[in-house]
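Novice: Residues per chain are reported as follows:
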Amino acid sequence: KAGVTQTPRYLIKTRGQQVTLSCSPISGHRSVSWYQQTPGQGLQFLFEYFSETQRNKGNFPGRFSGRQFSNSRSEMNVSTLELGDSALYLCASSLAGGDFETQYFGPGTRLLVL
Amino acid sequence: AQSVAQPEDQVNVAEGNPLTVKCTYSVSGNPYLFWYVQYPNRGLQFLLKYITGDNLVKGSYGFEAEFNKSQTSFHLKKPSALVSDSALYFCAVRAPGGATNKLIFGTGTLLAVQP
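From first to last, the protein sequence lines stand for chains H and Y. Mapping the first sequence onto our numbering, position 43 (from 1) lands on 47, and the numbers just tick up by one. Mapping the second sequence onto our numbering, position 8 (from 1) lands on 186, and the numbers just tick up by one.
Okay, chain Y solo, but in the shape it has when bound:
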């Protein structure tokens, strides 16, 4: 069965410091991986995705993610955090193939960036 784990409920980082939000996955075959961000009382906003190719994926708002097949991880990173990055971050996986568009989400990680 497919699954996604976000081991940290909350990540605290000072503004200007690098941030990492962790995600590991379990899926048969090559995974399609996504990161979304959710601000209070809003829907999910797409940040980036990994389908194939370069293991370092660049996305919106200066975020990037590193795909590591051997560690089955897809950690979200940003070199310099902003207070406005404070939000809830979700990692999601979709197994390739099959007639379905279903995403499996992690439990979310609350990112708090202190000024």
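Next up, chain H with everything else stripped away, as it sits in the complex:
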């Protein structure tokens, strides 16, 4: 079974621009979560989607948004980019987001904001 895929793998943007990142979960997985990883803040939860609905959101400004499509693929969008948005963005999928399910992570998208 193919793993979680994320595109693009690398991005360079300038301040004020917006960016869209894509995540394709493992086949059959319906829950997709997004995390931001930075050297200073570590791994932080952004949001989770299940059946096209946002189920939970982390403590990030409204510039960070996401959505999920009927095929469970998910996108996240960051508008009005700031230097501090430079990070590795990781997507994870699980079957249905149940309590004891394992989340499987993709390779990440590394975003650099100049």
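A few of these clues could be false.
[Stated by the list, open to error] As a list, the in silico BS3-like pairs of lysine-lysine whose alpha-carbon atoms are at most 25 Å apart:
| no. | chain 1 | residue 1 | chain 2 | residue 2 |
| --- | --- | --- | --- | --- |
| 1 | Y | Lys200 | Y | Lys236 |
| 2 | Y | Lys227 | Y | Lys247 |
| 3 | Y | Lys236 | Y | Lys247 |
| 4 | H | Lys5 | Y | Lys236 |
| 5 | Y | Lys247 | Y | Lys200 |
| 6 | H | Lys61 | Y | Lys227 |
| 7 | Y | Lys227 | Y | Lys200 |
| 8 | H | Lys5 | Y | Lys227 |
| 9 | Y | Lys255 | Y | Lys227 |
[Said to hold, decoys possible] One-sided and incomplete, this derived list gives chain H residues near chain Y with beta-carbon spacing under 7 Å:
| no. | residue |
| --- | --- |
| 10 | Pro43 |
| 11 | Gly46 |
| 12 | Phe49 |
| 13 | Glu52 |
| 14 | Asn60 |
| 15 | Leu87 |
| 16 | Phe104 |
Worth flagging that the hints you see were computed from the coordinates, not collected in a lab. Ideal Cβ placement from N, Cα and C applies to all residues, glycine included.
The hints should help you fit chain Y onto chain H, whose structure is shown.
Specialist: For chain Y alone, coordinates are given in the frame of chain H:
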């Protein structure tokens, strides 16, 4: 509030020696605990998890972890370290119940295995 602590930023061990990477947690109720490993420029790879049952959990690549409820710890162990085990290790917790799949991660421990 849920939290995870990894008290050591880095652990150094010689190849062939046993290794331990420490993790303590704070959560209401019974926790679900996970260990992930991250190699340079890669995502997180799942190693093992504790849900319930036996306190000693066996995972991938010869790793195991011991759940200790009284000490609220979930230390990762391996009997004999390999140079290829050198990577960044994350402990994570998820509180049971609730409509969320959110994981709370520790700050990570860099494991360096010397040949």
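Novice: So, for every hint listed, does it hold in this structure?
Specialist: The hints, checked one at a time:
no., hint, result
1, Y:Lys200 x Y:Lys236, "holds, 16 Å"
2, Y:Lys227 x Y:Lys247, "holds, 15 Å"
3, Y:Lys236 x Y:Lys247, "holds, 17 Å"
4, H:Lys5 x Y:Lys236, "holds, 23 Å"
5, Y:Lys247 x Y:Lys200, "holds, 14 Å"
6, H:Lys61 x Y:Lys227, "holds, 24 Å"
7, Y:Lys227 x Y:Lys200, "holds, 15 Å"
8, H:Lys5 x Y:Lys227, "holds, 21 Å"
9, Y:Lys255 x Y:Lys227, "holds, 13 Å"
10, Pro43, "violated, 10 Å"
11, Gly46, "holds, 5 Å"
12, Phe49, "holds, 5 Å"
13, Glu52, "holds, 5 Å"
14, Asn60, "holds, 4 Å"
15, Leu87, "violated, 21 Å"
16, Phe104, "holds, 4 Å"
Of the numbered hints given earlier, the model fails hints 10, 15; all others are met.
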